[in-house]
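The lines below spell out each chain.
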Amino acid sequence: MNEIITVKDVSLIYHSKKFETLALKDISFKIEEGDFVALVGPSGCGKTTILSLISGLLTCSSGEILVNGLKPDKKSKVCGYMFQKDNLLPWRTVEKNLYVGLEIQHTNTKEKKDYALSLLKKYGLENFKTKRPDELSGGMRQRVSLIRTLALNPKILLLDEPFSALDFQTRLKVCDDVLKILKDEKKTALLVTHDIYEAVSMADKIIVLSARPATIKNIHTLTFGRDKTPFVRRDMKEATDLFQKIWSEIQDEK
Amino acid sequence: MKNDIKNNTGKKNKLIDNKEEKNKQTLNSEIDNKTEKKSNKKNKPKYSLEHKKFLNKIRLKTFFVIFIQITILIAFFGLWEILVNNGVLDGFIYSSPSRMINTLAELSRSGELLTHSLITLKETLLAFVIATGIGFLVAVLLWSNNTIKRILEPYIVVLNSLPKIALGPIIIIWFGAGTKAIVVMGILIVIIVTIINILNAFLNTDKNTILALESMGANKAQIFFKVVLPSSFPDIISTLKINVGLSWIGAIMGEYLVSKAGLGYLLVYGGLVFDLDLIMTVTIVLCFLASLMYFLIALLEKIVKARH
Numbered sequence: 001m002n003e004i005i006t007v008k009d010v011s012l013i014y015h016s017k018k019f020e021t022l023a024l025k026d027i028s029f030k031i032e033e034g035d036f037v038a039l040v041g042p043s044g045c046g047k048t049t050i051l052s053l054i055s056g057l058l059t060c061s062s063g064e065i066l067v068n069g070l071k072p073d074k075k076s077k078v079c080g081y082m083f084q085k086d087n088l089l090p091w092r093t094v095e096k097n098l099y100v101g102l103e104i105q106h107t108n109t110k111e112k113k114d115y116a117l118s119l120l121k122k123y124g125l126e127n128f129k130t131k132r133p134d135e136l137s138g139g140m141r142q143r144v145s146l147i148r149t150l151a152l153n154p155k156i157l158l159l160d161e162p163f164s165a166l167d168f169q170t171r172l173k174v175c176d177d178v179l180k181i182l183k184d185e186k187k188t189a190l191l192v193t194h195d196i197y198e199a200v201s202m203a204d205k206i207i208v209l210s211a212r213p214a215t216i217k218n219i220h221t222l223t224f225g226r227d228k229t230p231f232v233r234r235d236m237k238e239a240t241d242l243f244q245k246i247w248s249e250i251q252d253e254k
Numbered sequence: 001m002k003n004d005i006k007n008n009t010g011k012k013n014k015l016i017d018n019k020e021e022k023n024k025q026t027l028n029s030e031i032d033n034k035t036e037k038k039s040n041k042k043n044k045p046k047y048s049l050e051h052k053k054f055l056n057k058i059r060l061k062t063f064f065v066i067f068i069q070i071t072i073l074i075a076f077f078g079l080w081e082i083l084v085n086n087g088v089l090d091g092f093i094y095s096s097p098s099r100m101i102n103t104l105a106e107l108s109r110s111g112e113l114l115t116h117s118l119i120t121l122k123e124t125l126l127a128f129v130i131a132t133g134i135g136f137l138v139a140v141l142l143w144s145n146n147t148i149k150r151i152l153e154p155y156i157v158v159l160n161s162l163p164k165i166a167l168g169p170i171i172i173i174w175f176g177a178g179t180k181a182i183v184v185m186g187i188l189i190v191i192i193v194t195i196i197n198i199l200n201a202f203l204n205t206d207k208n209t210i211l212a213l214e215s216m217g218a219n220k221a222q223i224f225f226k227v228v229l230p231s232s233f234p235d236i237i238s239t240l241k242i243n244v245g246l247s248w249i250g251a252i253m254g255e256y257l258v259s260k261a262g263l264g265y266l267l268v269y270g271g272l273v274f275d276l277d278l279i280m281t282v283t284i285v286l287c288f289l290a291s292l293m294y295f296l297i298a299l300l301e302k303i304v305k306a307r308h
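Residue numbers (my numbering), protein chains in the order written: chain A, 1 to 254; chain B, 1 to 308.
If you're looking for bench data, these hints aren't it; they were derived computationally from the structure.
Don't take every hint at face value.
To be verified - Calculated lysine-lysine pairs in the BS3-like style (CA-CA distance at most 25 Å, straight line):
hint, chain 1, residue 1, chain 2, residue 2
1, B, Lys226, A, Lys112
2, A, Lys75, B, Lys207
3, A, Lys180, A, Lys228
4, A, Lys131, B, Lys302
5, A, Lys74, B, Lys226
6, B, Lys207, A, Lys17
7, A, Lys131, A, Lys96
8, A, Lys18, B, Lys46
9, A, Lys186, A, Lys30
10, B, Lys260, A, Lys77
11, B, Lys220, A, Lys96
12, B, Lys260, B, Lys122
13, A, Lys85, A, Lys17
14, A, Lys96, B, Lys305
15, A, Lys18, B, Lys149
16, A, Lys122, A, Lys173
17, B, Lys149, A, Lys131
18, B, Lys220, A, Lys77
19, A, Lys75, B, Lys220
20, A, Lys110, A, Lys85
21, B, Lys302, A, Lys129
22, B, Lys226, A, Lys96
23, B, Lys226, A, Lys129
24, A, Lys129, B, Lys122
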């Protein structure tokens, strides 16, 4: 399979008036097309920073990143970014929210709009298209947010703790939905999460980061239950074992 | 009432007609009547008895509030009139509603009321429109460029704390004792507050939402029009409401200084010749005009909100 993201010896320093912080140190990893990769690590270690670098919102201090063969650029339309907050615009209807990205990229064509609406229909939200975001539940909002990102047809999805604002039951449900959507649409995804179970139940590959400055501590490739939903996979024996292993790896760092 | 609701499928119109013939209507049935008529027109779903009771309760409350408001107004002016008539208050010092009505009639007959009101209204509107417009544009500029914002910040802070009336003599010398000076005074009072309020609204836009749009490749202008401006809308409207009051202050203060024409001039003149009837009348006219302008802004808010 093709390598779609290559991160090589990347370091990043955050500058502020009083001090500089080395956030990432010599990070290297590769992601292949169609993979679902999870990044886990102690809180504040720089997981989100890696996503920002790949999406082009930040530039690395040293090292090299290639996304789809090119340097990251937020205007390149290769990556879609999904945040912890759904960031839907409250004054727009669900339908109009879906078009925001298209309007920004000046690709607001009938064809693309229809594609966005077809996604909405496919994932059971068609009846809500004239509603405002605050009339929707948290889980529905997060799904609309994902469809808004998918409407731009990105090759790669960067997910920054997209489920952590949801209550536990909704989270399990939306996890299943989102993974299904991503697999259906054949997207590559990079998920940042503090929830190891979430990583274990969704990912093909888990990258464990050390405490700040973040280095790569371990990379696990998951082979069990790949055809199962996260909900089922979560309870498999292998998942529990892997959870214990990653848990102790992260605990060592604290 | 129960019967009405039970029968309201078929004989509703007839029932309403019957009711209207009876002049003795309780408030409840009157309200009920109205809702039925409305639901008739728009074909709304029929409400349960409990919901109708709930709606009646809300309407009664609103009616009560308006009733008390009007009562206070009447009581205030009524008491004023009575106290002056009975000699408790001196009409020469305190004027009275009836004297004010006479003055108002005289002023309207001579055309003075209209002339002076129009002059002040024109000055107020000019100051309001110019200051709000320029203030808005400056706020956009300061939002879009952090360096310019940092450079100008101390100047804005100083100008904001400066009592603008202190600039009166300078303004009159520079712009002449006329409309121009008064409008400039109004602009100075309104513009700084506009800049500060609107800029704050812009800066308070949710950072995450901006980041989300940036990740889609939005440029500064797109971020402004798609997120910052719409999310600042409530604050912009409240700034407009504040500006209405401030531009009236500017115009009246300007007229105090220039003292040639306008409602502010009438007030100064009334003070000089000790004509309390004139002062009170003009004050009431001012109240009326200012609230009229306020309600126009509130109307604008409703229209814009309904559209989006």
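Hint by hint, here is what the structure shows:
This hinted pair checks out: B:Lys226 and A:Lys112 have alpha carbons roughly 19 Å apart, not beyond 25 Å. A distance of roughly 19 Å separates the Cα atoms of A:Lys75 and B:Lys207; the hinted pair therefore holds under the 25 Å criterion. About 10 Å separates the Cα atoms of A:Lys180 and A:Lys228, which keeps this hinted pair within 25 Å; it holds. Note on A:Lys131 and B:Lys302: the hinted pairing holds, with a Cα-Cα distance of about 20 Å set against a maximum of 25 Å.
For a cut-off of 25 Å, the pair hint linking A:Lys74 to B:Lys226 stands: about 18 Å separates their Cα positions. The suggested pairing of B:Lys207 with A:Lys17 holds, with an alpha-carbon distance near 21 Å, which does not exceed 25 Å. Pair hint A:Lys131 plus A:Lys96 holds up; C-alpha atoms about 10 Å apart against a cutoff of 25 Å. A distance of roughly 66 Å separates the Cα atoms of A:Lys18 and B:Lys46; the hinted pair therefore is violated under the 25 Å criterion.
Proposed proximity of A:Lys186 and A:Lys30 is supported: the alpha carbons are some 18 Å apart, at most 25 Å. Our distance criterion of 25 Å between C-alpha atoms is broken by B:Lys260 and A:Lys77, whose separation comes to about 64 Å. Between the alpha carbons of B:Lys220 and A:Lys96 the distance comes to roughly 20 Å, so the proposed pair stays at or under 25 Å and holds. A C-alpha spacing of about 15 Å is found between B:Lys260 and B:Lys122, which places the hinted pair at or below 25 Å, so the restraint holds.
Restraint check: the Cα-Cα separation between A:Lys85 and A:Lys17 comes to about 29 Å, which exceeds 25 Å; the hinted pair is violated. A C-alpha spacing of about 16 Å is found between A:Lys96 and B:Lys305, which places the hinted pair at or below 25 Å, so the restraint holds. Between the alpha carbons of A:Lys18 and B:Lys149 the distance comes to roughly 22 Å, so the proposed pair stays at or under 25 Å and holds. The straight-line distance between the Cα atoms of A:Lys122 and A:Lys173 is roughly 16 Å, inside the 25 Å bound, and the hint therefore holds.
As the CA atoms of B:Lys149 and A:Lys131 are separated by approximately 38 Å, the hinted pair breaks the 25 Å bound. Between the alpha carbons of B:Lys220 and A:Lys77 the distance comes to roughly 17 Å, so the proposed pair stays at or under 25 Å and holds. In summary, the hint linking A:Lys75 to B:Lys220 is supported, as the alpha carbons are separated by about 13 Å, within the 25 Å threshold. Among the hinted pairs, A:Lys110 with A:Lys85 is inconsistent with the structure: their alpha-carbon atoms are about 28 Å apart, more than 25 Å.
At roughly 24 Å between alpha-carbon atoms, B:Lys302 and A:Lys129 fall within 25 Å of each other, so this suggested pair holds. Restraint check for B:Lys226 and A:Lys96: the C-alpha separation of about 11 Å stays at or below 25 Å, so the hint holds. In summary, the hint linking B:Lys226 to A:Lys129 is supported, as the alpha carbons are separated by about 19 Å, within the 25 Å threshold. A hinted pair counts as satisfied when its Cα atoms are at most 25 Å apart, and A:Lys129 with B:Lys122 does not qualify at roughly 47 Å.
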